Amino acid sequence: MKTRHKRMAFILVGLAGLGVAAWLVLNALNSNLALYISPTDVLAGDAPKNQTFRLGGLVVEESLEREDDGLTVHFKVTDSANTIPVTFTGILPDLFEEGQGVVAQGKMQGGVFIASEVLAKHDENYMPTQVADMLEEGEKLNQQEQAGGSATVVPQTP
Amino acid sequence: MLEIRDLECVRGDHRLFTGLNFSLQGGELLYLRGSNGSGKTSLLRTVCGLLEPTEGEVLWKGGNVRSQRDEFNAELTYLGHLNGVKGELTAFENLQLGGALSGLAVSEDDIYHALERIGLGGREDLPTQVLSQGQKRRVALARLLLSQASLWVLDEPFTALDVGAVDQLAKLIEAHLQKGGMVMFTTHQAVDIRAGAVREVNLDALDS
Amino acid sequence: MSEFFAMGGHGFYIWVSYGVTALFMITEVIAVIRGKRTVEKRLARLARTLSRSE
Amino acid sequence: MSDGVLTSGVQGGLFAAWRAMLVRDLTLAMRRRADVLTSLFVFIIVVSLFPLGVSPEMSVLRGIAPGVIWVAALLATMLSLGRMFADDHQDGSLEQMLLLPHPLSMLVLGKVLAHWLVSGLPLVLLSPLLGMQLGMEGEAIGLLMVTLLLGTPVLSLIGATGAALTLGVRGGGVLVSLLVLPLYIPVLIIGTGAVDAGISGMDYEGHLSLLGAFLVIALLTTPLATAAALRISVE
Amino acid sequence: MALKDSIAWYHFAAPKNFYPLAGKMIPWFWGLTIVLLLVGLYLSFFVAPTDYKQGESYRIIFIHVPAAWMSMLIYLVMATYAIIGLAWKVRLADMMASALAPTGAMFTFLALWTGAFWGKPTWGTYWVWDARLTSELILLFLYIGFISLQSAIDDPRRAAKASSLLAIVGVINLPIIYFSVQWWNTLHQGASVSPTMAPKMATIMLTAMLIMTVAFWMYTIAIVLMRVRRIILERERQTTWVMELLGDETVGEKDGRK
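Residue numbers (the numbering used here), protein chains in the order written: chain Y, 81 to 238; chain G, 481 to 688; chain D, 632 to 685; chain C, 484 to 718; chain V, 388 to 645.
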C-alpha cells in the first residue's frame with residue numbers, strides 16, 4: 081500500500097469511528113443519565129424499587145405541611161404532569177419554598193416518597209426583589225384579565 | 481542518499497554540535513569520531529529519527545526522514561547501546577519475532593544459520609537472560625545478518641565482543657559495503673575495515 | 632455596618648468564599664515575585680562566577 | 484548504485500507485524516506469570532476484603548457490589564500499567580519498535596490488546612465469581628460483565644497513554660495514577676451506573692451506549708497519543 | 388501589513404525579545420486589574436441589589452462564575468499553546484503553557500471552593516456528584532497532572548513535549564464541563580449567560596459579574612507574564628543575553644552598595 085492510500089484508509093476509519101461515537105453519544109443522551117428522576121418517570125416504573133434514588137421537580141404551591149414536632153414536613157413534588165407526595169424529617173435548606181425546584185433523596189414507600197435528604201435546586205434567573213415583585217403583580221393582573229375572559233392573553237409557561 | 485543538513489543538537493542546557501553537514505552514498509562507510517559527551521550517540525539517534533533535531537534536517541533520498549518514517553525505517557537497521565533483546569525469549573524467538581515485526585521474510589533456517597554464523601550455535605533455545613553480555617550482543621548483531629536494510633547505524637558495535645567476534649563484525653560490515661550498503665558507526669576500538677570509501681566526521685573538530 | 636457583614640445571615644459563606652479567593656490570589660502574587668527573585672539571584676551568582684573565571 | 488539488491492523492501496504487511504506484536508507480548512506475559520497474577524490477586528483480594536471490612540450482610544453488600552468490583556478492576560488495571568512499556572524501554576526494544584516500518588499507533592494498538600487480554604479479560608471472566616460473593620444476582624452479574632467487557636479495554640487504552648507519558652520518569656508509578664485517574668472517572672461512573680440502573684429495574688441502554696462511545700473514541704485517539712508519547716519518551 | 392504583522396509575531400516569539408516586552412506590559416495589566424477589581428467589588432456589594440430568591444448569598448456569583456470561566460479559558464489557551472509548541476516548536480509557547488497551569492489550577496480550585504460555599508446555603512449541601520461538579524473536579528486533576536508531569540521530567544524540552552501532549556488529550560473535558568448542565572439534569576443551575584440567549588440576570592448584576600471576570604482575566608495575564616519571565620530566565624540561562632542581563636544587574640547592585 082502506498083503511503084497516500086494508507087493515509088486515506090486511516091482517515092476513513094477515523095471518520096467512521098467518529099460517526100459511530102457520535103451516534104452512541106446521541107443515543108445515550110436520549111436516555112437516562114441523570115442526577116434525579118421526575119415524578120412521571122417514577123409513576124411509570126422507571127425508578128428503582130426498594131432502593132434509594134433522587135426525585136426531582138417543583139414543590140407544589142400550598143402543599144407544604146409541617147407536623148407539630150417542627151421537623152417533619154410533608155409536601156408534593158411535581159413535574160407539571162404528575163405529582164408525588166414526599167415526607168421528610170430534618171432541616172430544609174433555606175431556599176426550599178413552594179413553587180421552587182427541589183431534589184430529594186430517598187425511597188418510595190406505599191406511594192409516598194420518604195426522603196432522607198432534601199436539596200433545593202434554583203434556576204438561572206437573577207433579579208432584584210422589587211423587579212420580581214413587580215413581575216408577580218403583573219402576572220396577577222394577567223390572571224385576573226384571563227378570568228375576565230380576555231382571549232388575547234397568552235398563558236405564561238412555568 | 482543520506483544527507484545531513486545544518487544539523488544542530490541540544491541536550492538539556494548543552495549544545496552538542498551545530499551546523500553539521502555531510503552526506504553518505506551507497507558503499508560508503510562513515511566513521512564518527514569524538515570524545516565522550518561530544519554527541520556521537522545523539523547524532524546517530526537523530527539520523528535514525530529517534531531524536532528530533534533542534535535545527536536542520538536529515539534527508540533520505542531527498543525527503544525528510546520524519547515525513548517518510550515507514551519508508552525510511554524499512555531501509556534502516558539501528559544498533560544502539562541497548563541490545564533490544566528480550567531476556568525472557570530465546571535467541572531464536574527474538575530473531576523470529578524481530579523479523580516478523582519488521583516485515584522480513586525470514587525462514588527458520590535463515591535464523592538458525594545466522595545464529596550459527598554469529599557463534600551462538602547450540603544456544604538458540606536458551607532464554608537470552610542466561611547468556612553472557614557478549615553473547616547477548618551477538619544476538620543483537622545477528623539482526624544485521626538477517627537485515628535487508630541498506631543503511632546500518634551502529635553505536636559502539638564492538639563493545640563486549642571478543643576478538644573473534646570483532647573480526648566477524650568487521651567482515652560483515654565490509655560485505656555490506658561491497659553490496660552497496662551504507663554504514664555509519666562509532667567506536668573507541670581500533671578496527672580494521674577495508675572499504676572503498678571511508679568518510680570521517682569528527683565532532684570534536686566542529687566548533688559548537 | 633454589622634448588618635452589611637451579616638449578609639442576611641449568609642455572611643459566613645460569602646466572606647469565606649471571598650476571603651479564600653483573596654488569600655489565594657495574594658499568595659500567588661507573592662510566590663511568583665519571590666520565585667523570580669530567587670532565580671535571578673541564583674543566575675546572577677552563576678553569571679558572576681563565570682565572568683570571574685574568564 | 485545497487486539500490487535493487489538491498490531495498491527489497493517490506494514483504495510482510497502491517498497485519499503480520501501486528502500479530503507478531505501480539506504473540507510477542509502474550510509470550511512474554513506467559514513467561515512472567517507472577518506479574519500478571521499479582522494484579523489479578525489484587526482484584527480478588529480487594530473485593531474479598533469488603534465483606535470483612537464493611538459488613539457481612541448480603542443486603543448491604545449487594546448495594547455496593549457493582550461499585551466495589553469496578554473500583555477493584557480499576558485499581559488492578561492501574562497496577563498493571565507500569566509494565567506495559569517499562570521493560571521494553573529499559574532493554575532497548577522500544578527503540579527498535581519505533582524504528583519499525585509500520586505506523587507506531589497500530590503497533591501500540593497490538594500491545595494494548597495484549598495488555599487487555601492478559602490483565603483486562605481475566606477481570607471480566609472473574610467478575611461473576613466475585614459478584615456472587617457479594618450477593619449479586621444472575622441478571623445483574625451478566626450486566627456487570629458486559630460493562631466490564633466494554634470498560635476495561637478503555638482503561639487499558641487510556642492507561643497506555645499514561646504509561647507512555649511517564650516512561651523513565653522519577654516516581655512514574657504514582658504519577659501514572661494521577662494522570663490516568665481523571666480520565667478513568669467517567670468510565671467508572673458510567674460503568675457502575677449501568678449496573679445500578681439494571682439492578683433497580685431501570686433502563687441501562689444509555690449507559691451502555693455511552694460506554695461504547697468511550698471505547699470507540701479511546702480506540703481512535705489514544706493510540707495516536709500513546710505513539711506520540713513513546714516518541715517523546717526515548718528522546 | 389500582514390507581512391509586517393507576521394514579522395512582529397516572529398520577533399516577539401523569541402524569548403529574548405519577549406522578556407522585556409512582558410516586563411513593560413506587566414504594570415499596565417496590574418493597573419487594570421486593581422481598577423477593575425475595585426469597581427467590580429463596589430458594584431458587587433454596594434450597587435447590585437438583593438436577589439429576589441437567594442437574598443444576599445447569590446453575591447458569591449461575582450467570584451464563582453468568573454473563576455469557573457477562567458478555569459476553562461486558561462485550559463483552552465494552555466492547550467492552544469501546547470499545540471503551537473508541539474507543532475511549530477515555538478519555545479515561548481511551551482513556556483507560556485507551563486506559566487498558565489498554576490493559575491488555571493488555582494481558579495479551578497476557587498471555582499470549586501466558592502461553589503461549595505455557595506451550594507451549602509442555597510442547595511443545602513457543599514458537594515454533590517453531578518455532572519458539572521464532577522467534570523470541574525476532573526479539570527483540577529488535569530491541571531495537577533500537567534504540573535506534576537512537567538516537574539517530574541528533568542529535561543525541559545522533553546518535559547514540555549510530554550505535558551503538552553497531556554494538555555491536548557485533556558481538552559476533551561472542556562465541552563463536557565460546558566454542556567453538562569444541558570446534557571444531563573443536574574443540581575447545578577443552567578447557564579445564566581450564554582452566547583445564544585439573552586442573559587437571565589438583571590443588567591446591574593450582569594455588569595458586576597462581567598467586570599469581575601475581566602478583572603480576573605487581567606490578573607491572569609499579569610501573573611502569567613510575571614511567571615513566564617521567571618521561566619524564560621531559567622530555561623535560557625545558558626544564553627548570552629540572560630548572562631549579560633543579570634551580569635549588568637549585579638554590577639549595578641554592587642555600585643549601589645558602594
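Derived from the structure by calculation, the hints contain no laboratory data. Being a predicted model, the structure only gives us computed values, none of them experimental. Even glycine gets a Cβ: it sits at the ideal position worked out from N, Cα and C. Wrong hints could be hidden among the right ones.
[Unchecked claim] Straight line, CA to CA, 20 Å or less: simulated PhoX-like cross-link-like pairs of lysine-lysine: (1) Y:LYS220 - Y:LYS129; (2) V:LYS587 - D:LYS667; (3) G:LYS651 - G:LYS541; (4) Y:LYS86 - Y:LYS129; (5) V:LYS507 - V:LYS440; (6) V:LYS587 - D:LYS672; (7) V:LYS411 - V:LYS507; (8) V:LYS403 - D:LYS667; (9) V:LYS403 - V:LYS507; (10) V:LYS440 - Y:LYS220.
[Claimed, not checked] Only part of the chain Y face toward chain V is listed, based on derived beta-carbon distances under 8 Å: (11) LEU95; (12) VAL140; (13) GLY186; (14) TYR206.
How the hints compare with the structure:
{"no.": "1", "hint": "Y:LYS220 - Y:LYS129", "verdict": "violated, 41 Å"}
{"no.": "2", "hint": "V:LYS587 - D:LYS667", "verdict": "violated, 43 Å"}
{"no.": "3", "hint": "G:LYS651 - G:LYS541", "verdict": "violated, 27 Å"}
{"no.": "4", "hint": "Y:LYS86 - Y:LYS129", "verdict": "violated, 53 Å"}
{"no.": "5", "hint": "V:LYS507 - V:LYS440", "verdict": "holds, 15 Å"}
{"no.": "6", "hint": "V:LYS587 - D:LYS672", "verdict": "violated, 52 Å"}
{"no.": "7", "hint": "V:LYS411 - V:LYS507", "verdict": "violated, 43 Å"}
{"no.": "8", "hint": "V:LYS403 - D:LYS667", "verdict": "holds, 16 Å"}
{"no.": "9", "hint": "V:LYS403 - V:LYS507", "verdict": "violated, 49 Å"}
{"no.": "10", "hint": "V:LYS440 - Y:LYS220", "verdict": "holds, 19 Å"}
{"no.": "11", "hint": "LEU95", "verdict": "violated, 18 Å"}
{"no.": "12", "hint": "VAL140", "verdict": "violated, 18 Å"}
{"no.": "13", "hint": "GLY186", "verdict": "violated, 14 Å"}
{"no.": "14", "hint": "TYR206", "verdict": "holds, 4 Å"}
Violated hints, in rising order: 1, 2, 3, 4, 6, 7, 9, 11, 12 and 13; the structure is consistent with all others.
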